[in-house]
Every structure is written in structure tokens, then in C-alpha cells.
Amino acid sequence: MATIKLKVADEKPPSLPKAPTGIVGLDEITAGGLPAGRPTLIAGSAGCGKTMLAMEFLVRGATEFSEPGVFMMFEENADELIANVRSLGFDLDDLVTRKMIALDHVHIERSDIEETGAYDLEGLFIRLGHAIDSIGAKRLVLDTVEALFAGLPNEAILRSELRRLFRWLKDRGITAIITGEKGDGTAITRHGLEEYVADCVIVLDQRVRDQISTRRLRVLKYRGTAHGTNEYPFMIGTSGFSVLPVTSLQLDHRVSQQRVSTGVQRLDEMLGGQGVFRGSSVLISGSPGTGKSSIAAKFLETACQRGDRAAYFAYEESKAQIVRNMRSIGIDLEPWIDKGLLEIHASRPTHLGHEQHLVVMHDLVRVFKPAVVAVDPISNLFMAHDDAEVKPTLMRLIDWLKTEQITAVLTSLTSGGASPSELDDPLVGVSSLMDTWLLLRNSEIAGERNRTIFVRKSRGMAHSNQVREFVLSDKGIDLVDVYVGRDRVLTGSARMAQEAQERAAATLHAQDHERKLRLLASKRKAIEAQIAVLRAEAEADEAELDFIVAEQTLQNTIENRDNADIIRRRVGIARMNAIATGNP
Amino acid sequence: MSIVPAFKLRLYIAGHTAKSVAAFANLHRICETHLAGQYTIEVIDLREPPQLAVGDQILAVPTLVRCLSEPIKKIIGDLSNEARVLVGLDIKPSTQATA
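One line per chain: the protein sequences are A and B, in this order. Residue numbering for the first sequence follows the numbering used here, starting at 6 and increasing by one per position. Residue numbering for the second sequence follows the numbering used here, starting at 304 and increasing by one per position.
Check each hint, because a few of them may be wrong.
A few chain B residues facing chain A, derived, Cβ under 10 Å [said to hold, decoys possible]:
id : residue
1  : Y315
2  : K376
3  : K377
It should be emphasised that the hints constitute simulated quantities derived from the structure, not laboratory data. All C-beta atoms in this analysis are idealised placements derived from N, C-alpha and C, irrespective of residue type, glycine included.
Looking at chain A on its own, in the form it has when it is part of the complex:
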């Protein structure tokens, strides 16, 4: 058999002609809608939304697909129905006036009826045929045809007439929804309607777990077409029915190269200098009071400042409280709310089942089209329910946000403790879905608690491995380098004290150094002076020497001359003597 593949809008044509329901999510699960021209059975217990689903099918058929429809009701009357669906924003009166929808209330009370022989339900057929012809209906709802079983005594006749009815509807090419009450035990419907409506069976279910009810939808059977077989949570919200849309099972979403700032400059610096990728998912986890919400709020404010739309799903604080509290750290969200760029949706986690919270998110995101979504905290939303369905549900959310190129900031509350182990994080199992994971911690040193932050992972970018101290003040969020050294990491006033101490030590050291320098300098001067003296002495000695030498030379010269004079003189004397003696 072919593998079941969930349809993405523009894939190959569906195997059967389909009548789109226009109901968010349902058309994806059924790969295009209900079987066109055939009846579909919607089964479920009382109050699980059969009538609403059927009504929305008609209203959307009439308004979005130009297929008028007949709503034939056997239980509620027309006024009640109109009142009930008005809460979904459908104006039936208007549609009836415009002949887009015809309402017909069939009232049966068994006590009024006496059976006196063979009969058939031709009256119903004629009435239905007339209603269909009066507005050219292509769609029909019978809600719920089982009331006939209570009203008409002869079940054998009724069964054969129902069989004829569904064949008749098929022959007329009417796309019909037949609703049916859930039967006891494993029976799909109380009176076995599934026996007649064999083409498509959708089962609705309402379950209560931990006092929270969740509605689910499952396509039990869809002849001749592939369909999703899982149970999908759904919700009846203010804009109608929505089944939690199932995104494609393939991991093929577009990725953006664009980066968006977290609003904290130094945090951006830690994330490769530019912040996170648009459309990525950021998990901020930390124990209570580590500042997760503050970072999330800053992120949203920054998005608004860029002109992007942002949605904040808060599950701990009310809207007014968030605005007030964020103002205390210099984040003013109010102007953005007023401008319509920021939407804060606050509700209690226990208000709805976690899947229904997702449906609410889907609804809001679809309508509001934000570029950034914050869920604060996602852990409360999901981890209250300790079941195995959480991960796929969360995966669907994250996957869907990525497909829509919406940047998601999810905060996760970890159990307390100064340095919680990573496994304490309830979301550790889904962290693999996250692109960026910021870990916030409280570090308790010297009688005070300080916040630290580090980037645990961040795909696709060089990111800092440093632990930073994370400071919240009325000026906003700032990151400060922590003191790292001597096997210690210090934060807060301990860091300041240490820094001051080091500054003092450094000053002292510098003074000492200068003193030494000065000492050396003066010593050198002394030596230089000595050198000068010695040199002067040497020069003096040299001069003396020269003088002596010169004197000596002079002496010699003089002596030589004197000698010569003497000799000359002596020679002269001798000559004179010789002359005198007569012996020259």
C-alpha cells in the first residue's frame, strides 16, 4: 500500500473529487476535504462538536466555495441553532436571507405517532428534496438523523429507508454530513449508521484527563483516498472549528539567512555578533527568577521596534501585570500594544488541554501573522501533562512556526537550585528541536544571588563559549563579563569586590613599579655623574700627561739646543783655543 502522506497544498490531484470544508486543519488531514457528492458520517458523544463541525462545513461551503447548503435538524430548532452558531461568528440569518443556507427543523415526538401499517419516509425525501431545490444546495447536513429511531417505531422500515436516503443523496450528488451519537462500547454510532455511510467516517471524541478536557478528531475511514490516521486535537474557538494543523512530515522548510537581534547587544555579540536567525527557535531555560521572561519581552520589544508584529503567549502572568513588570526593567510594551504590533495572550495553562492551547496559538498566529512569537513558559503548558504525546505536539508547533518563518522564543522553567543539572530541564527531550538554547542560572556566592547566562548551543553560527553575568536594571538588560580566575567565577558584588581589590592591587603594583623606576633612574643618574667625574678626572690626567710630555719635549729641545750651544761654544772655545794654540 502507498504510504500515507499528508498533503501539502499544491501536490498531485486528489484521488477522489473532494468538497473542501474550509475548516482549518481538516482539509489537510483529509487531503482536500470530504468526498464530494457522498455522505460523510461524523460520530461522537454528546457535546463534542458534531453540530458545530457540520454547521461550519455548510457556512464555509456557502461563503467560501459558493456551494449552498441545507441544514436539516432533528433535535435543536432553527432559533436555537442560529443562536448557538452566532457565538462562532456565523450570521445564519443573513445567509438564510441570501438563500445560501436553508434551515429545516424536523420535529418528531414518538408519543404523537400511532403506527397502523406499512409506510415509508417519502415525506422526508420530498421535504429534503424541496429544501435542496429551493436554494440549489450542493451540501446537506442531517443532524442527527438518529432522532428518527426514537420517533419512528419500526426500525426495519427505518433502516431500509435510511439506506434508500443515502443512495438517493448520492444519486443527487449531494455532499452530506450525517451526524451520529456515539454508541456504547466499540460501536461507532448508537444505531449503526456507519453501516449505511460507508465512504467517510470521522470520529470526534472528548476526553478528560487531569480535569482538563481535550477534543480530538480522527478520520476512521475514507474510502478511496489517503488520509491522516492519527488523532488530531481540535477546538471550537471564536472563529470556528479548528483542527490542529499538521505540518508536513518532511523537514523541508525554507531557511532564512537573515538575522534578528535579541535586543540585548551583548547577547547578540555572543551569538556570532548578529543575533539569531529569522524563523529559528530559541529556547531560554532557567530556574525561577533567572530572567527568562525579561529576555523574551526584550526580544518582542525589539521586534516591534523593527516594525515586525509580535505575539506573546503568557501562561503565568496577566497582560497588565506583564506590562507593569516589564516597565520596571525599562521595557515598555504598551505603545506596541496600542499600535497593534504586539498581541499579548494571557491564559491559565490549566484552562485548556495543552493541545488546545496550541490550537489557540495557531488561530491567533494565523490571524495576527506575527514575525516573532514568545511562549512563556512553554514548560508549564506541556509538562503539566506527563504523557508521551507532548513531544510530537510540541514538535508540530515548532515545525509549523519554522514553516511560517516565525521566530519563536520559548522559555522553559527548570527546577530550582544554584546550578541545576541540564537533565533537570523538562524540555531537554525536545531541545534537539531548538536552534538556539540559552541557559540562565542563578549563582549564589557570598550571600547573594546573581544571574548568569550562556549559550548552550546555537546552530549555524559561531557563538561565544563564555559565561556572562546578566544584569537587570531599570535601564534594561545588560550582560557583564564575569570574573573568571583562580578557579573561581564571581558575579555580582563579589565580582565587584574582586574587581575593586584587583584594581587596588594593580594601583599599588603600579606605584611600586614607578618607585622602582624612579630609583633606578636616580641610581643611573648617580652613576652617570660618577662617570662624568671620572671622565673629568681622566681628562684632567690626560691633560697633565700632555703637559708633562710637552714639557719634557720642550725640556729636551731646550737641553739639546743648550748642548749644541755648549758644543758650539765648546767647539768655538777649542777652535779659539786651537787658534790660540796654533793647532786647528
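Knowing the structure of chain A, use the given hints to seat chain B on it.
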């Protein structure tokens, strides 16, 4: 005594089927037997003016409706079970029906 009939009966049929023909014949016979001179019968073929079916909430055919005397009773089927027709019309049979 009174000329105004106490039983204003309306028989809904859908075309001239075997069931509708049988129902009319049965009705006529029962009325003649038990309500001679006190009844009128109006036969409405739903195929002709279908809008009427909405007002009287007719699903099954043939359906016999007793108007004018409250409460309105609906008797469905071809009226072959005479005893039940009489119960439905709230008529005391002139000859005691078998238990």
C-alpha cells in the same frame, strides 16, 4: 345533530402508490363504519405542494392527521390496523374490538 364535522381528517400521501391507495381505502372504510356523517377527509399529495409538509411535520407517508380536535394526532402507515387507527383517532369503537 350538528352539521359541523367533529373529525376533520387530513391524509398525506406521496403520489398514487400502493400504500396511499390502500390507506385511503382503509380510512374511508373506518370512517364510514365509526364516524358516519361526522367526518371530512382531505387528501394531500406531498408531491404537489411540498411546502405543506413543513407545517405538519410529515416525514412518513401515508400519514393521517386529525385536525380541529386537540391534541393533533399523527397516524402513520397504510391504516390497515383498524384498532390502532381508532386508538390514534381517539374513537370508541361502536362495536367492541377484540382484545
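Hint check, failures only: Per hint list: zero violations.
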